[in-house]
Structures are given as structure tokens and as C-alpha cells.
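J.: These are the residues of each chain, in order.
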Amino acid sequence: MQLSDLFRLAAGNLLRNRARSALTLVGVAVGVAALFALLSYGTGLQRLADDEFTTLELYNTLRVTTTPNPVDSFMDVSVRTLDPARTDTIDLVPLTDSVLAEIAALPGVLAAYPEIAFPVRVRVGDREVFAGAEAIPMAFRTIPAYQPATGSFFETPGDSAVLIPPSMAERLGFEPAESAVGQTVTVITATLDYAKLQQAMFSFGLGMRTLPLKQQPHLLRVAGVLPEEGQALSGFVRLLVPLDFAASLQKVTFFSTLDLVTRGDDTGGYTAARVQLRDEDDYAAVKTAIERQGLFSTGFRDQFVQLERLFAILNGTLAIVGLIALLVATIGIANTMMMNVMERTCEIGVMKAVGGEDADVQRLFVVESLLLGAVGGVFGLAFGWLVTEALEAGVAVYLARLNVPPVDLFYAPPYLIAAIIAITLFVSVLAGFLPARRAARVEPIEALRHV
Amino acid sequence: MPALPAFIRLVGVSRTYRRGPNAVHALHGVDLALPPHTFTAVVGRSGSGKSTLMHVLAAMEQPTEGRITVGPWAVTDLGRTERARYRREMVGMIFQQFNLVPSMTALGNVELPLMLAGIGSAERRKRAEAVLAQVGLADRLTHRPDELSGGEQQRVAVARALIHDPPLLLADEPTGNLDSQTAAEIVDLLRTIHRAGRSVLVVTHNLAEFRDAAEWVVRLEDGQVAEAGALADSSLFPA
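Top line first, the protein sequences correspond to chains A and B.
Position 39, counted from 1, in the first sequence is what our numbering calls 41; the numbers after and before it change by one each time, with no gaps.
Position 180, counted from 1, in the second sequence is what our numbering calls 595; the numbers after and before it change by one each time, with no gaps.
Bound-form chain A, shown alone:
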């Protein structure tokens, strides 16, 4: 039988029982839509993380500390660890400016600078935004993600200016966001209240009712508004300040008490530093050179490997859930095909009586099953796409209320769509195979006697 005849005959047979075929198609479509939505969600999240790592060049960033990072130990990242038996004998290397200068002089290093990050409130009039401030060196002017979309980079390392993301500008009332450039915002830091501290020292035995902290406002100029990319996944709104200016600010640099308990011993230097590389090819050499100095380094790249593993687990879990939905749909196809075979047993006998081979009959039913899968798959992909678009629109509305830019939570690259189509067709053929084989093996005369 010619292929075109096979498909035409199969399609005609499916149309004979429209209700049954339609219900089976709905089952397949829902299964495929679920698989599409779940996998594109996992892929979307992975892409967001990947994009942020790429945009902010975190692949080329090392975090240097005087002691091993407890988070690294938890995440099983390969780092040098202290021998517990010799902890007291190790001389911790302080992260001083001279050490940082040595690291900065290593080949392939763009900048080595102390890690300064602290919580702030940003205020314009009666509008206020909580954010994390991050200090960056002037060398970052060459990294695209740190180049303002509007305005300009900091003029000097001590420039009392900030770079803010567009979402923060909008939340502060600047419409459009670009209009924030050149405006002044109040950045409020938490700092030690020495008077309160002194009072607390005197009354320590009586117990301290409040922390010895106060809020310190600083009037800063908005030098520029950052590009949208690379801002969303951070979890909170971030603003950038020049390194020297950040160092001079009165502030406490911990975001939570966790920061206090994970902080290393006081070596007289910085707690941590960041090393930005020019090229990822220099990564291993620079990491080795830093560790030779007795320091500890963790690459964001290493963390990304862990993240990739987590995404693999997440995607695997999502795929299993989606495949279960598809499996149910497949059982629906198998059931439909089995019913078709039983109902059309006499017709199978006719086909065989007029010269049809077992293979013709088997192919016919397999193609019917394949068509159910293919058509259901196409509808399922369309339905899945609509569902993901609707969810994304809903999330965008929610984020817009928070003045956070929309994010593409779902992402379905061509390979994913191709894989879903391939899986759907494969399971459809599988679902039709046994009923088709049963149809093919029936003796013609037995089939003709079947009513």
C-alpha cells in the first residue's frame, strides 16, 4: 500500500468515530501541554540563571576569602579545606589592600576589590525602596552589564553617585525610568550609633533593649540607569555604588544574622574580596595563584555547576510529572486503538480476503495511532503555549504591581519542541503497536465471522 493511501485511509477511519477520536486527541493534547509547560518552565528558569551568570560575567568571577566558605562546604564544592586538627596552627592570610593589589596584578585579572555589600533604603519624596547596595570598581565600566543604558558610569572611585536598575527608578516615581539620571536620591544605611553603644556598654548588665544602630541618610546622584538585562533574577533590587565611596560610607555590612555567624576570624583585612577575570580561560590559573597565597577562592562557575545539577534534578522531576500525564494519554490512545481493532475486526477480514497482508493491517493501525499522537501533539503544543503565555502574562501583571520588570519564566527552545514531538510520536506508535499487531495476526476467516 502506498504511504499516501495509508495515511488517507487511517485519517478516514479516525473520522468515522469522531467523538472517540476527539476525546483521545483531547487526552493527548492535555498530556503534551502539561509536558510542554513543565519542561519549558524548567528550561526557562535555567535560562534566567544562565543569562544572569552570563550577563554579569559571573563565570569569570572568583570570591576570595581568608577562611573556607561554609556554604561551599555545604554545597560540596571543591575547595581547600582546613585540617581540623591543625586549625590553631594555620596562619590566616589577611585580605589587605596590598594582597588585593598582588592579585590584581596577576595575568588575566581585570579587577580585585574588597567585597562590599550592604542593605539600604532608597527614598525619593514619599516613595521608598529596599535594596542591596554593591560596590564595584571603576574597571567595571568595560563590562556591558554594568554600563548604564542611560546616563554614564561613575566619574571617579569616590563619586557620590549610584547606578540603579530601571525597575527601581520606576518604583521611586521616575517615569520614564531614564528621567532619574542626574536626579538626587536619599540612600539610607544602617550604621552604629556610638552614643547608644556607649550607653549599652554601661547598662550591659541590665540588658540591652535595642540594638545600638541608627539610620544614616546620604544624598547621592543617579549617574545612570542600568540595562534591564541581568537585573531580575537577583531576588531583590540592587544598586551599584563606586568602590571607594562605598568604603567611606558609615554602614553595617550584614544583611542578616547569618552573615555574622558565617563570617571568618578577624585577620585585620577584608572579610572577602571579588576577583573579576578578563577571560574565562584564565580562570584555573588565577584560582591556583590565589590559593597558593594561602587564601581560599570559590568560583561562581563552581556554584553554577551545582546550580546546573539542581536544574537537572528539577527538569528531571518536571519531565517525570509531564511524562506521567503523557503516559495517561498514551493509555487513552491504546484503549481507543484496541476498541477500533475490535469494532473493525470484520473489516480487517475483508482487507485480508482481498489481498491485504499482515503488514498492511498493522501499518494501518499504527498510522492511525500515530495520527492521533501527531494531531494531539500539535494541539497540545499550541495549548501548552497558550497556557504558558497566560501564566507569564499573570506573573507580569503581578510583577508590574511591584514595579519589577517582567521575566520570561517559560522557554521552549526548538530542541525541546522537537523532543516533545519525538516523544509524543514514539509513545503514540508504541500505544498503537500492540492493538495493531493483534489486528494483523487475526486469521481472515475468523475476522470475517466476527460481528
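Treat the hints with care, as some may be off.
[Unchecked claim] Subject to a maximum C-alpha distance of 25 Å in a straight line, what follows is the list of computed SDA-like cross-link-like pairs (lysine to any residue): (1) A:K216 with A:G153; (2) B:K541 with A:Q4; (3) B:K541 with A:A13; (4) B:K541 with A:N15; (5) A:K216 with A:V126; (6) B:K541 with A:F9; (7) A:K216 with A:I190; (8) B:K541 with A:L8; (9) B:K541 with A:L5; (10) B:K541 with A:I190; (11) B:K541 with A:S6.
[Unchecked claim] Have a look at the derived ranges for each label pair, beta carbon to beta carbon: (12) A:V389 with B:G435: 55 to 65 Å; (13) A:E448 with B:A548: 33 to 43 Å; (14) A:E448 with B:R610: 26 to 36 Å; (15) A:N337 with B:N621: 43 to 53 Å.
[Unchecked claim] Chain A regions said to be covered by chain B (calculated; three or more residues, Cβ under 8 Å): (16) 344-357; (17) 441-448.
The set of hints was computed from the structure by calculation and includes no laboratory data.
Each residue gets a CB set at the ideal place from its N, CA and C atoms; glycine is no exception.
Chain A is already provided as a structure; the job is to place chain B on it using the hints.
T.: Chain B only, in chain A's frame:
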């Protein structure tokens, strides 16, 4: 039985069915030789093995014992796929129940054997239209079986049996579901087909209908050949 070169030959053919603990011998040591281009009527009472004889000749079921040859085909030696090819090339089948595919038009039903043989749609259509015209259904091409009378449905079945130009036409009670006038028309049609050079073997319980058409008669009793020979010499129609 004359010693002519046999077109159909059965040697010691038996067909036994298991019905629980019992064995039913539908055919029991049948020896038969029919010359080419004959119109043969197979008669006998219900359960005498008429239909089974036709089914084994059509290779739609395999005999339990014995050997069958039809023309150059050693039917009992064929595998499943070869049996299908044998039916496609050698045999046209007509059933009492017509056995048309209800979802297909008359044209579609007639085209089916050619479709299974892998012949292109244009050629199929041309041949199907011609053969449907030959059986007098040129104006019923697009009608589905439920839109046709019993006689018309049987004509479609005859057209389907002829479409691939088989040397042997097997008809199982082709007039069993038809009124006498329509039955006579079908008999005439089969006679015309036979005169065109084909062997026709008809299973019937009403030999009178085929009295003018059949040349040979085979009478079965309890799965065995009780009588086989020229109809003119048969005891069934004494002069």
C-alpha cells in the same frame, strides 16, 4: 471426473476444528480436480463443508492435512504473506453478506484490492469505474453500502472481486441474501464473467439458480466429496 489438466487440485484435504473436547471434521480427505475455465457449483447440506472448501481454496484458512494447488500456486505450502499475495493475484472473493467496508463508497470498496497492491489512485479509479460500469453501477460510484440495495451491494462485491483480474472467482452463497429476481441477475453476471475466461466456483444451497450457468458440480456430504462431475451427468438433475 475427466482426466483433464487440473486448474484446482485437492489431495487428501482435511480441515478439523476443535470445539472444546470435540473434533469437528469440516473436510475429511477431500480429493478433487477441476479443469481450468470451468463454472463449478459446490452443493451440499448445511455443515457439509462447502464454505470450508471455499475458504481453504482462497487460502483464508489452512487445511489440517492435504495439499492444494491452484494453477501454479501450491497453496498449502504458502506462508502468511505469500497467502495474501496469492489472494491478491489469483482469487476474487464474493460473500453472502457482501462484506463491503461501510465507510467507503462503491468506488472505494472496489479500489481496495488495488490500493493494497500499491497501485496509484488514478489507475485505480480508472479501473474501478470501468468494472463498476461492467456490473451496471456506473451511476452509483459515490454511494456508500447503506445507500445501495442488496443486489447493488453484491454487484459492488462482484466488481471488487474482479478489479484485479483474478483467474479464479470464488463465491460463497452469492445469492443467499437476495430476492429471486436479483439473484438471477447476479447469476447472469457470474456467467458473463465465466464466459470472459475465468474459473468460477460457487458455493450454493440452491443449485437450481445455477442450473444454466454451472458446468460442473461438486456435492459434499459430511466433509467428503459425494459426487463430482459435469452437471449434465449429475444425478442431481436427472434428465
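J.: Hints first: check each against the structure and report whether it holds.
T.: Here is what the structure says about each hint:
1. A:K216 with A:G153: violated (32 Å)
2. B:K541 with A:Q4: holds (17 Å)
3. B:K541 with A:A13: holds (23 Å)
4. B:K541 with A:N15: Roughly 24 Å separates the two Cα atoms, so the pair holds.
5. A:K216 with A:V126: holds (20 Å)
6. B:K541 with A:F9: Measuring from Cα to Cα gives roughly 21 Å; hence the hint holds.
7. A:K216 with A:I190: holds (10 Å)
8. B:K541 with A:L8: holds (20 Å)
9. B:K541 with A:L5: Distance ~20 Å between K541 of chain B and L5 of chain A Cα, so the pair holds.
10. B:K541 with A:I190: violated (90 Å)
11. B:K541 with A:S6: Distance ~18 Å between K541 of chain B and S6 of chain A Cα, so the pair holds.
12. A:V389 with B:G435: 55 to 65 Å: With a Cβ separation near 57 Å, V389 of chain A and G435 of chain B satisfy 55 to 65 Å, so the hint holds.
13. A:E448 with B:A548: 33 to 43 Å: holds (35 Å)
14. A:E448 with B:R610: 26 to 36 Å: holds (35 Å)
15. A:N337 with B:N621: 43 to 53 Å: Roughly 45 Å apart at Cβ, these two residues keep to the hinted range, so it holds.
16. 344-357: holds (count 9)
17. 441-448: Held - the segment 441-448 of chain A has 3 residues with a Cβ nearer than 8 Å to chain B, which meets the minimum of three.
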